[in-house]
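Novice: Each chain, letter by letter, is given below.
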Amino acid sequence: QLQLQESGPGLVRPSETLSLTCTISGGSINNNYWSWVRQPAGKGLEWLGRISPSGILLYHPSLESRVTVSVDTSQNRFTLELRSVTAADTAVYYCARQVYGSPFDSWGQGTLVTVSS
Amino acid sequence: IVLTQSPDFQSVTPKEKVTITCRASQSVGTSLHWYQQKPHQSPKLLIKFASQSISGVPSRFSGSGSGTDFTLTINGLEAEDAAMYYCHQSSSLLTFGGGTKVEIK
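Keeping their order, the protein sequence lines are chains L and C. Heads up: the first sequence begins at 4 in our numbering, then just goes up one per residue. Heads up: the second sequence begins at -9 in our numbering, then just goes up one per residue.
Hints should not be assumed to be uniformly reliable.
Quick list of in silico lysine-lysine cross-link-like pairs, DSS-like style, CA-CA up to 30 Å [what the hints assert, rightly or not]:
(1) C:Lys91 with L:Lys46
(2) C:Lys5 with L:Lys46
(3) C:Lys95 with L:Lys46
Hints are computed from structural coordinates only; laboratory data are not their basis.
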């Protein structure tokens, strides 16, 4: 059974870079699309970015200048970098799997990242 | 593509029928999916491609629609269905609706 697990610092200082890793177990990172989705407390879901099996990247237009998604196939994991963070980036961050054009069928449990000095 | 859900909130008696709508700002064909999210949990896929059922999801959940107008129906609400419900389109980029909170009266 496919499992996704987010990991990374729970606290990031304003203007710094948020870095998270999603480790995949029970399946291969190949042949699937991998995304990051976030959810501020009490608010809705916001898709951030995605990487395809061939490495094609797709980002939310409003975050494109600050976001990078990358994959490490040797470690079966992918990462999120969000630069120049502010308090508005405080949220639970989820990683999720998608077969192209399909819904997200597997999600990590989510990790809370707080941006604060 | 902007997805607009309505209502934002619904308080429903058990066994009642619940209807949640999702309107897209442009056609998404049938690339519209529904999720349920309970507090402190990840979203759970309920319906894919507007009307396709998901293994393990109770049959009281159903979806319909195409193009720009979609509906999630819960036939016979149960207490365990209290949750947030989100629509999501995978036609162009990826976006979510704002969510509908379903509360049990």
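Novice: Indicate, hint by hint, whether the structure satisfies it.
Specialist: Against the structure, the hints:
no. : hint                 : result
1   : C:Lys91 with L:Lys46 : holds, 11 Å
2   : C:Lys5 with L:Lys46  : holds, 28 Å
3   : C:Lys95 with L:Lys46 : holds, 22 Å
Of the hints listed earlier, there is not a single one the structure fails to meet.
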